[in-house]
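Peer 1: For reference, the chains in residue letters:
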Amino acid sequence: MEFKDYYEVLGVERDATQEEIKRAYRKLARKYHPDVSQEADAETHFKSLGEAYEVLKDPEKRTAYDQLGRNWQAGEDFRPPPDWDSGFEFSGGGYTQEDSAAFSDFFESLFGQGRGFHGGGFEGRASAGARRRSSMRGEDHHAKVTIDLEDAYRGATRTLTLQSAQWDAAGHLEPHQRTLKVRIPKGVKQGQRIRLSGQGAPGAAGGPAGDLFLEIEFATHERFRVDGRDVTLDLPVAPWELALGATVTVPLPEGAVDLKVPAGSAAGRRLRLKGRGIPGASPGDCYVVLKAVQPAADDERIAAAYRQLAEVSGFDPRPEWMDQSEGDRS
Amino acid sequence: MTTRDITHLRVENLDEAPVMTLGDICRACTVHAEWIVELIDEGIITPEGRHREQWRFYGGSLHRVRTVQRLQRDLGVNLAGAALALELLEELNDLRRRLGDRG
Numbered sequence: 001m002e003f004k005d006y007y008e009v010l011g012v013e014r015d016a017t018q019e020e021i022k023r024a025y026r027k028l029a030r031k032y033h034p035d036v037s038q039e040a041d042a043e044t045h046f047k048s049l050g051e052a053y054e055v056l057k058d059p060e061k062r063t064a065y066d067q068l069g070r071n072w073q074a075g076e077d078f079r080p081p082p083d084w085d086s087g088f089e090f091s092g093g094g095y096t097q098e099d100s101a102a103f104s105d106f107f108e109s110l111f112g113q114g115r116g117f118h119g120g121g122f123e124g125r126a127s128a129g130a131r132r133r134s135s136m137r138g139e140d141h142h143a144k145v146t147i148d149l150e151d152a153y154r155g156a157t158r159t160l161t162l163q164s165a166q167w168d169a170a171g172h173l174e175p176h177q178r179t180l181k182v183r184i185p186k187g188v189k190q191g192q193r194i195r196l197s198g199q200g201a202p203g204a205a206g207g208p209a210g211d212l213f214l215e216i217e218f219a220t221h222e223r224f225r226v227d228g229r230d231v232t233l234d235l236p237v238a239p240w241e242l243a244l245g246a247t248v249t250v251p252l253p254e255g256a257v258d259l260k261v262p263a264g265s266a267a268g269r270r271l272r273l274k275g276r277g278i279p280g281a282s283p284g285d286c287y288v289v290l291k292a293v294q295p296a297a298d299d300e301r302i303a304a305a306y307r308q309l310a311e312v313s314g315f316d317p318r319p320e321w322m323d324q325s326e327g328d329r330s
Numbered sequence: 001m002t003t004r005d006i007t008h009l010r011v012e013n014l015d016e017a018p019v020m021t022l023g024d025i026c027r028a029c030t031v032h033a034e035w036i037v038e039l040i041d042e043g044i045i046t047p048e049g050r051h052r053e054q055w056r057f058y059g060g061s062l063h064r065v066r067t068v069q070r071l072q073r074d075l076g077v078n079l080a081g082a083a084l085a086l087e088l089l090e091e092l093n094d095l096r097r098r099l100g101d102r103g
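Protein sequences appear in the order of chains A and B. Numbering-wise (full-length UniProt numbering), the first sequence opens with residue 1 and increments by one. Numbering-wise (full-length UniProt numbering), the second sequence opens with residue 1 and increments by one.
This is chain A alone, in the form it adopts within the complex (with noise of 0.2 Å):
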């Protein structure tokens, strides 16, 4: 186990004062805060400065831990003296943090549930004497499931790991994984969130279990963006597709179909194909924007074909500016 620097993980002195302990926490906890960061590791960080403060922001727990820490480095290895903690009184506290499970071996070992520290209230939630009260529904579970495109279209099972905390006989947290197959349906959209009735915690003593609540997340598409039910894509067409129209077969995710691109479409224009968006009560629409693209003139013929198409058109691509540019020029 290795010891971990609390002050360190604050950026704070040791010799901070409580409220510069809480400014440190405050500026940090806002920046790495899972809801708020788009860094890749917010979490960990998160976790990390929470149990950084969970024990510098209690006065008797900090100076356990001072007594403790003064010689130690973080990373070092590191084993808590036996009864280390004597001679302190710690009232209350234990944990305060929803995800006190998470917090690391090395806290576990100084301020767990295993060392005497009593009355370990979970903020917001049921007391650890509650849960162990006779005949409790389980908990709820909450889980992010990531799918494609293509699964909101035809359904889907995934494997889900889900981690939890659970009471053993002791009135102890003990850590808790299990492995579920969930069906998804088709027809979901991003964001979406489904309900497993009594998939979450088993109930306690005969109680109900608790229920499991999934949240669709889509993975990014290669070439399809999406809006609720509504899925767009991008098509690459070639100028003579544009003027002189075209059948093309565009790969939707439900399979190909053949699209007829209308003589004369402008570049940007949107084609819709009603009712091919994701399927539902009121399935979404397909947009297909007509994206052109055009040979490189790297090659002589192809330069003599565009400037032939030049001569014989005489096309302006830009007729309203001509009087501007006129004026420019005198």
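Calculated directly from the structure, the hints in this document are not laboratory data. Keep in mind that a hint or two might mislead.
Chain A is faced by these chain B residues, among others (derived, beta-carbon under 7 Å) [what the hints assert, rightly or not]: (1) T3; (2) R4; (3) I6; (4) V11; (5) G59.
Model, not experiment: these values are computed from the prediction. Heads up, the beta-carbon is just placed ideally off N, CA and C, and yes, glycines get one too.
Starting from the structure of chain A, add chain B where the hints point.
Peer 2: What follows is chain B alone, placed relative to chain A:
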């Protein structure tokens, strides 16, 4: 560890129609009904139905309640502050998504 196959179970879509009751929301977030009422008063979530017993919520409310819960607990903001942060975050995420779309 064995994998339990629950693919045969009924999956409830929580965003197609408002199906969650006040009790459901309270249980799912482990909070008291009074606090949910405060969130409704603050305009953070809005139930369908006029009277408390008839209130039904969309799944999106669940997400908002849980985010406000985390913001309050972790950052010590009050309800109005959490509501403001929530709205700005939603706007930010929407913009990020649109920006990502163009890339």
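Peer 1: Take the hints in turn and mark each one as holding or not.
Peer 2: So, going through the hints one by one against the coordinates:
1. T3: Because about 4 Å separates B/T3 from the closest Cβ in chain A, which is inside the 7 Å limit, the hint holds.
2. R4: 5 Å, holds
3. I6: B/I6 check passes; min Cβ-Cβ to chain A is 6 Å, inside 7 Å.
4. V11: 5 Å, holds
5. G59: With a minimum Cβ separation of about 3 Å from chain A (threshold 7 Å), the hint on B/G59 holds.
In this structure, every one of the numbered hints holds.
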